[in-house]
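Undergrad: Each chain, written out:
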Amino acid sequence: MSTVSLTFLLFVAAGLLLYYMAPKKLQWILLLALSYIFYLSGGVSMTGYLLFTTLSTFLAALFIGRQNKRLSDLSREEREKAKKAVGRKKKLVCALAIVLNFGLLYFLKYWNFMAELFQSAFSVTLVRFDLIMPLAISFYMFQSVGYLVDVYRDKYPAQKNVFKYMLFVSFFPQMVQGPIGRYDALAPQLLGGHKLDFENLKAGIQLMVWGYFKKLLIADRAAVVANQVFGNYEEYGGTVILFGVILYCIQLYCDFSGGIDIIRGVAKLFGIEMAENFRQPFFAVSLTDFWRRWHISLGTWMKDYLFYSISFSKPLMRFGKFSRRKIGGRFGKILPTSIATFIIYFVIGIWHGASFKYVAFGLWNGILITSALLLEPAFIKIKKKLHIRDKNRWYHVFQVLRTTVIIIIGRYLTRADGFLYAVAMLKKTLLHPIASQIVNGELLRLGLKMEDYLVIVFGMALLLFAEVLQECGKSLSAVLDRAPSFCQYAVMAMGFICILWFGVFSGDYIASEFIYMQY
Amino acid sequence: MERLKQILSDICPGIDLQSQVMIDDGLIDSFDMVALVSELMDEFGVNISIEDIIPENFNSVAAMQALIERAD
Numbered sequence: 000m001s002t003v004s005l006t007f008l009l010f011v012a013a014g015l016l017l018y019y020m021a022p023k024k025l026q027w028i029l030l031l032a033l034s035y036i037f038y039l040s041g042g043v044s045m046t047g048y049l050l051f052t053t054l055s056t057f058l059a060a061l062f063i064g065r066q067n068k069r070l071s072d073l074s075r076e077e078r079e080k081a082k083k084a085v086g087r088k089k090k091l092v093c094a095l096a097i098v099l100n101f102g103l104l105y106f107l108k109y110w111n112f113m114a115e116l117f118q119s120a121f122s123v124t125l126v127r128f129d130l131i132m133p134l135a136i137s138f139y140m141f142q143s144v145g146y147l148v149d150v151y152r153d154k155y156p157a158q159k160n161v162f163k164y165m166l167f168v169s170f171f172p173q174m175v176q177g178p179i180g181r182y183d184a185l186a187p188q189l190l191g192g193h194k195l196d197f198e199n200l201k202a203g204i205q206l207m208v209w210g211y212f213k214k215l216l217i218a219d220r221a222a223v224v225a226n227q228v229f230g231n232y233e234e235y236g237g238t239v240i241l242f243g244v245i246l247y248c249i250q251l252y253c254d255f256s257g258g259i260d261i262i263r264g265v266a267k268l269f270g271i272e273m274a275e276n277f278r279q280p281f282f283a284v285s286l287t288d289f290w291r292r293w294h295i296s297l298g299t300w301m302k303d304y305l306f307y308s309i310s311f312s313k314p315l316m317r318f319g320k321f322s323r324r325k326i327g328g329r330f331g332k333i334l335p336t337s338i339a340t341f342i343i344y345f346v347i348g349i350w351h352g353a354s355f356k357y358v359a360f361g362l363w364n365g366i367l368i369t370s371a372l373l374l375e376p377a378f379i380k381i382k383k384k385l386h387i388r389d390k391n392r393w394y395h396v397f398q399v400l401r402t403t404v405i406i407i408i409g410r411y412l413t414r415a416d417g418f419l420y421a422v423a424m425l426k427k428t429l430l431h432p433i434a435s436q437i438v439n440g441e442l443l444r445l446g447l448k449m450e451d452y453l454v455i456v457f458g459m460a461l462l463l464f465a466e467v468l469q470e471c472g473k474s475l476s477a478v479l480d481r482a483p484s485f486c487q488y489a490v491m492a493m494g495f496i497c498i499l500w501f502g503v504f505s506g507d508y509i510a511s512e513f514i515y516m517q518y
Numbered sequence: 000m001e002r003l004k005q006i007l008s009d010i011c012p013g014i015d016l017q018s019q020v021m022i023d024d025g026l027i028d029s030f031d032m033v034a035l036v037s038e039l040m041d042e043f044g045v046n047i048s049i050e051d052i053i054p055e056n057f058n059s060v061a062a063m064q065a066l067i068e069r070a071d
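If you're matching them up, the sequences are chains A and U in order.
Mind the numbering: the first sequence is residues 0 to 518 in numbering that gives the first Met the number 0, read in order.
Mind the numbering: the second sequence is residues 0 to 71 in numbering that gives the first Met the number 0, read in order.
Since the hints were made in silico from the structure, they are not lab data.
Any given hint could be a false lead.
[Claimed, not checked] Mimicking EDC-like on lysine to aspartate or glutamate, the simulated pairs with C-alpha atoms at most 16 Å apart in a straight line are:
(1) A:K154 <-> U:E55
(2) A:K201 <-> A:D416
(3) A:K302 <-> U:D28
(4) A:K302 <-> U:D41
(5) A:K313 <-> U:E55
[Said to hold, decoys possible] Label pairs and their computed distance ranges (CB to CB):
(6) A:K82 <-> U:I53: 13 to 21 Å
(7) U:D15 <-> A:L5: 37 to 45 Å
(8) U:E50 <-> A:V467: 37 to 45 Å
(9) A:K390 <-> U:Q64: 30 to 38 Å
(10) A:A492 <-> U:P54: 41 to 49 Å
(11) A:Y105 <-> U:E50: 23 to 31 Å
(12) A:V123 <-> U:Q19: 53 to 61 Å
(13) U:G13 <-> A:K82: 55 to 63 Å
(14) U:K4 <-> A:A460: 25 to 33 Å
[Claimed, not checked] Here are some, though not all, of the chain A residues that point toward chain U, as calculated from beta-carbon distances under 8 Å:
(15) K68
(16) K302
(17) R317
(18) G319
(19) I333
We put the CB at the ideal spot given by N, CA and C, even for glycine.
Isolated chain A (complex conformation) (with noise of 0.2 Å):
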């Protein structure tokens, strides 16, 4: 059932009935039933990987909180002399229900890669499977397992009816594409009842009409254009692909966070405040800043449950005091974080998917942002002997600038068909321009009129100016709300026929599926 269908607004519309009808004591078993009903929707066999991560998360938490428990309930002295057994135990189980679970993401996402690879490389043949990505496997795969680490870490004791839990890692409209969210934040309201109430169900319709607006509008049109461009970049001169990869970067951001925008809003409307994932990552001054402000939900699961197991881990703590003793100085105290970090953003890059592409993409993102970790005492140099102080407004649209020059590049690599293909589109933007194509009408002959070309010029203007309020710790939503209620009416109003009439009725495309949805 497609976020973007009348069908999955009825549903939403229904289930919101049912569920302020209902007893609050039984609201989250009304929200685990649509939550199963909209899984089950995508099919049978699907729902099998869904149950398999749950139950295994369940149990393995279930299994150490009681050893957790046993522990609290020891003496001092007890509790020092079981603590290293128990540990282990702890460790093993915990250890297994991960790789159990990162092992079948493994097997669905890279398997078929694998075989390939080592038929190309050794002439060895392996079997292949036809294999399907369940529908949001890695994030509620993240999800689970971030609540097992967490209870594993002692955070919070482990939920003990399987039902309630079950509810925690299906909840709908998280299963397109996350956020990732985390269970001391999620639960509690999941499972708490829920009155109707006013503000969020305006809320929740003015946050998805905007998740509409970015998607139906920007994104698809946006879509049509990339999709021309990457699909038959040899017939077109460096502006022109350029121009495709710059669309390709907003439909990608108006795609994804217009998703997010959908989800959170229907969950506004049962009154769940989920994680946010987007905090205007196009005012990044650094790459790293970018990924804080891009799919924040994945970035804080890297951090909290990668980067710091990492970092913390005992071979890189001692390679950490090694480093300090024999290299010394800034580089040897930040040596072990910079592998640590470039761990994670090689990771990050593999995680979008089994290709060379997405290597090349984890390394990208990996080397820069380690060698600008590396190198900052050598950058703070230069910037003093050419005055430039961090302050100076020139300097920070430089940063931005610069930012989304690096960024650009890097869609390069998730977009094409393959990694030989994103060095082919790089080579043409920089070395064969032909910039005329720019101005001698080739941009309509991308599959798109002028009248969509304006809409995305408009629609983007609007999401600018929405996003520069924001920046400025305003928002459009607190602007509307002081406006008198005529007028909230007639905006809402104004913004739903725009989506009707520029994003449902006109143009010769449909819909698209969203694009995380495949990760």
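Fit chain U to the given chain A structure using the hints.
TA: Leaving out everything else, chain U in the frame of chain A:
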């Protein structure tokens, strides 16, 4: 306490040492955190485990002091 403040100022130059929300307000980021924990372990000879890396233990100088005293 003074040594702790010195380490904190070295790792996060310009940090407000009176702040009670160092993590919540983003004054200490993840890179700083790794450097800080390594430094505290070296300086005070204590063992800080990953389970201790939670905002409550690093939001203020007093919280860090308490963590060091608790750690073995």
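Undergrad: Against the structure, test the hints numbered earlier, and report the numbers of the ones violated in rising order.
TA: Those not satisfied are hints 2, 4, 5, 7, 13, 14, 15 and 17.
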